[in-house]
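Quick one: dock chain against chain with the hints and give me the complex.
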Amino acid sequence: MLKIENLHATVAGKPILNGLTLTVPAGEIHAIMGPNGAGKSTLAYVLGGRPGYEVTEGSVTFDGRDLFEMEPHERAAAGMFLGFQYPVEIPGVSYLQFLRESLNSQRRSRGEKELSGAEFIRLSKDKAALLGMDAEMLKRPVNVGFSGGEKKRAEMVQMGIMDPRLAILDETDSGLDIDALKAVGAGINSIMRAPDRSVLLITHYQRLLDYVTPDAVHVLSRGKIVRSGGPELAHELEREGYAEAAA
Amino acid sequence: MTALPTRKLEAYRYADIDALRDVWDGLAQPDEVKIAAQQRLQQIWLPSGDEIDIRRVEMVVAAGAVVRIFALNNASRYGRYEIDVTMHEGADFALFGANIGGGNSTLEIVTTLKHVAPGATSHQTIRSVLGDKATGSFLGRIEVAREGQQTDAEQSVKAMLLDRGATANAKPELEIFADDVKCAHGATVGELDRNQLYYAAARGLDPVSARALLLEGFVGGLWDEIEGDDQGIAEMARVALRKVAA
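Here the protein sequences come in this chain order: X and V. Quick note on numbering: the working numbering labels position 226 of the first sequence as 883, and the sequence is numbered without any gaps. Quick note on numbering: the working numbering labels position 30 of the second sequence as 45, and the sequence is numbered without any gaps.
Bound conformation, chain V alone (with noise of 0.2 Å):
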């Protein structure tokens, strides 16, 4: 049985090591998905309601495989979306993850990708929305093999902080060993822009109503991609912000 982390490790630096430790029994040993070659996997992943919230999965994606997931992180307590992806060549990774939350909890979307093979593209759009003293955090490390020519690996990270008490955290990490790749994150920490609440609010909104609209419009791209039925994580998203926004 493996050992409960410790936060000396990266990828548990601000993780609730207390709330992991009620759980890690069941949690060891991550869900391993295999994606075989040329195929297409579309999932949801919608939080669980439990107050500790923790998926941890080992993905391989064959060449030329398609994968879309769409994670909304909302757990009171602790909320924990861990990946390890592994793309062979030409595969095609996306991730859409929202960490909603306030109270005290603890959101975190933790995320390697391996590019082990070449022309693979991976593309990782997350949003946090905080408030009181909750934390939200994205882990995102990219390796790029010797082998992973054509590698084109993006991240995009914004966080909006609703309270003076709640933190983001967005940590972008890459380690490449090819020479002609495509990597590109970008990170913003940011908080309700005023002129668009005061237009807002001439307009009539109640301010809470006026937070959850600029929320929605923050968050709400995310979804956009989900084909068929979106398993309702667009309200759930649209509750939970409006539930910050109070």
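Next comes chain X alone, as it looks inside the complex (with noise of 0.2 Å):
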């Protein structure tokens, strides 16, 4: 599903990908963890196309497409899903505006028929509750007034909305209090655990991992995968800290 070889990339001509290597097979979900600094949330906007990333070396596939060849949007529509560690605000566009358009802009460039405002709203709906969300914050402007929790919340509706094949989720578990983290797990495992579908779990924490085992996990220091193993190595590292387990 999702393989990525010796990436290098650069922020403000800064290094902070420096050869980083990992294969996400389809039905799997991996979650990456490391320290602050250790390029987390540089790997996913690099995974995004976010503009400021630069790619100096290296090379990732998206079910055998070279990523990089596919604009920000381009790779929503192939099925790409990116959560956003601080999901931003949009005055004066609803969410139901908001990811009606974006969800019929991908349908279009699939060749697929658009939704109706009545069909949206039923999807809508169906998804927000299956995340314990009131569909009537789908109505109010894009996470404007939300708190932390609603907008990690909102994060998970849009996915579920969005239905894709790999979900990039860069620390959905910051901020949240224990029941939006049950809530986000339990939106994780409905959506995205399939046979056909991966997840890269980008987190700081193991406590999310309590709620969605990863089948494998990293640990990510200085721009590079460090270790890999099971769901246990999550466990050594809260017990035995960064420090110890990247050594």
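Careful: at least some of the hints might be erroneous.
[To be verified] Pair ranges (Cβ atoms, derived):
| no. | chain 1 | residue 1 | chain 2 | residue 2 | range |
| --- | --- | --- | --- | --- | --- |
| 1 | V | 36 | X | 726 | 27 to 33 Å |
| 2 | X | 776 | V | 17 | 56 to 62 Å |
| 3 | X | 776 | V | 223 | 42 to 48 Å |
| 4 | X | 769 | V | 55 | 44 to 50 Å |
| 5 | X | 779 | V | 245 | 26 to 32 Å |
[To be verified] Quick list of in silico lysine-lysine cross-link-like pairs, DSBU-like style, CA-CA up to 30 Å:
| no. | chain 1 | residue 1 | chain 2 | residue 2 |
| --- | --- | --- | --- | --- |
| 6 | V | 148 | V | 258 |
| 7 | V | 173 | X | 796 |
| 8 | X | 782 | X | 808 |
| 9 | V | 23 | V | 173 |
| 10 | V | 186 | V | 197 |
| 11 | V | 258 | X | 796 |
| 12 | X | 796 | X | 770 |
| 13 | V | 197 | V | 49 |
| 14 | X | 660 | X | 881 |
| 15 | X | 770 | V | 258 |
| 16 | V | 49 | V | 186 |
| 17 | X | 808 | V | 173 |
[What the hints assert, rightly or not] Negatives, chain V to chain X, calculated, CB over 10 Å:
| no. | residue |
| --- | --- |
| 18 | 23 |
| 19 | 25 |
| 20 | 38 |
| 21 | 73 |
| 22 | 75 |
| 23 | 138 |
| 24 | 165 |
| 25 | 209 |
| 26 | 236 |
To be clear, the hints were calculated from the coordinates, so they are not data collected in a lab. Glycine included, C-beta positions come from ideal geometry on N, C-alpha and C.
As structure tokens, this is what we get:
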């Protein structure tokens, strides 16, 4: 599904990723853990095509296609979803309008029929219910006045609506209370746990992994994967800290 | 016959005088509108479709009358909406205006609000979206006479520039002779937010649709208070925004 080879990337001329190699097969959830400054968010943004993140070496393929040949919106249409650590507020644009236009833009570029207003409202209500979010909130401007937890729940509702094949979730668990954490975990499991789907879960803490069991855990340090293992590796990191595990 | 204005006149300092020359004959005398006491008037000003589109209105709002004007200024060469309003006791006036243009267009909204009696309220909300080499201006003069106590006058002016060559002018001008008044004005000029554009792209919106959607969010609230049929102003604004976003 996702194949990253010897990836080097810079931000403002400063090298952040230094030869990262990682493969996430279809049907698997992989967690990437690491200390602050290891390059976790940079990895998410490089995969998402954010301007300002420059790839200097290496390759990434998504379903065999060169990811860097695709614009950010084309990556979304190809089935990739990027969950933001800091979801962005858009005053004056309702969530319903934002998501319906986004989804229909994806569908147009895939040659699929666009959803009508009624069809879209039904879909968004279903997905909001699944994540325990009041569908009325989707009438409000995108993320404006949302608490940290509400924004992250809304990210998961968006993931449900977009129905991606690959989700890259950048610290979706940060700033969540325990109920929201459970809801996010349940959302990831119900939406993304399937034989033809994959998740790259970027996180600083082990606690989300109590609700989502990863197939593999990787430790990112100084822009490279320094260790990989099973779910037990997350517990070891939690006990012993990154310095020990990365040594 | 009144002479053609020059740019030395404050109200014409950003005007396209060449364009004005072609049409000035029919414009020298503004339209007069009187709203009787306690009456209510709502007007929706749509672009005429002509490349030069100018309206000059002198309005007298009698005691307790309410006026709402919703204006879309979108001429391809020169669009100018000029309103001179005299407000009597307790009158309530609001203008919601948009300058939306690209190319070499010059778009301006020029207002003079005269608060000549106590307790009148005026609210002006102007949003400009300018691409290419377009110029969009708002010149808003508020005059509060000695008798205009408890005047509440407000201007909110925001402009969005889409290209390096586009220009926005915002010029509030207040002349106040009463001592118990509330006059507020705010103006900003900005460009589309990169984080918002990237967020929209990450959700699958192509760049033109993303820009158009964000611009609609910027302008859209202007039409919220229209009562009844909006005569298509929201849709016309949307089409104009899509055009400048492309």
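Hint check:
Under the hint 27 to 33 Å, the C-beta atoms of residue 36 of chain V and residue 726 of chain X, about 53 Å apart, miss the expected range. Between residue 776 of chain X and residue 17 of chain V the beta carbons are some 58 Å apart, a value that agrees with the proposed interval 56 to 62 Å. Range check, residue 776 of chain X to residue 223 of chain V: about 24 Å between beta-carbon atoms, so the 42 to 48 Å window is missed. Range check, residue 769 of chain X to residue 55 of chain V: Cβ separation about 48 Å, and the 44 to 50 Å hint holds.
Range check, residue 779 of chain X to residue 245 of chain V: Cβ separation about 27 Å, and the 26 to 32 Å hint holds. This hinted pair checks out: residue 148 of chain V and residue 258 of chain V have alpha carbons roughly 14 Å apart, not beyond 30 Å. With a C-alpha separation of about 25 Å, the suggested pair residue 173 of chain V and residue 796 of chain X falls inside the 30 Å cut-off, and the hint holds. Between residue 782 of chain X and residue 808 of chain X the alpha-carbon distance is near 17 Å, which keeps this suggested pair within the 30 Å criterion.
Note on residue 23 of chain V and residue 173 of chain V: the hinted pairing holds, with a Cα-Cα distance of about 25 Å set against a maximum of 30 Å. Of the pairs offered as hints, the one joining residue 186 of chain V and residue 197 of chain V holds, with about 18 Å between alpha carbons and a cut-off of 30 Å not exceeded. For the given pair, residue 258 of chain V sits about 26 Å from residue 796 of chain X by alpha-carbon distance, which is consistent with the 30 Å threshold. For the hint linking residue 796 of chain X to residue 770 of chain X, the alpha-carbon distance of about 24 Å falls within 30 Å, and the restraint holds.
A hinted pair counts as satisfied when its Cα atoms are at most 30 Å apart, and residue 197 of chain V with residue 49 of chain V qualifies at roughly 25 Å. The hinted pair formed by residue 660 of chain X and residue 881 of chain X meets the criterion: a straight-line CA distance of about 15 Å does not exceed 30 Å. Restraint check for residue 770 of chain X and residue 258 of chain V: satisfied, since their Cα atoms lie roughly 24 Å apart, inside the 30 Å limit. A C-alpha spacing of about 27 Å is found between residue 49 of chain V and residue 186 of chain V, which places the hinted pair at or below 30 Å, so the restraint holds.
A C-alpha spacing of about 28 Å is found between residue 808 of chain X and residue 173 of chain V, which places the hinted pair at or below 30 Å, so the restraint holds. The non-interface label for residue 23 of chain V is consistent with chain X: the shortest C-beta to C-beta separation is roughly 39 Å, beyond 10 Å. The Cβ of residue 25 of chain V sits about 32 Å from the closest Cβ of chain X, beyond the 10 Å cut-off, so the non-interface label holds. Consistency note on residue 38 of chain V: stated as away from chain X, and its beta-carbon is indeed over 10 Å from all of that chain's, at 35 Å minimum.
The non-interface label for residue 73 of chain V is consistent with chain X: the shortest C-beta to C-beta separation is roughly 33 Å, beyond 10 Å. Residue 75 of chain V, annotated as away from the interface, keeps every beta carbon of chain X farther than 10 Å; the closest lies near 34 Å. Against the 10 Å criterion, residue 138 of chain V stays outside the reach of chain X, whose nearest CB is about 18 Å from its own CB. Against chain X, the non-interface label of residue 165 of chain V holds: every CB pair exceeds 10 Å, the least being about 32 Å.
Distance check on residue 209 of chain V: its Cβ comes as close as 7 Å (rounded) to a Cβ of chain X, failing to clear the 10 Å threshold; non-interface status is violated. The non-interface label for residue 236 of chain V is inconsistent with chain X: the shortest C-beta to C-beta separation is roughly 6 Å, within 10 Å.
Hint check: violations occur at hints 1, 3, 25, 26; the rest are consistent with the structure.
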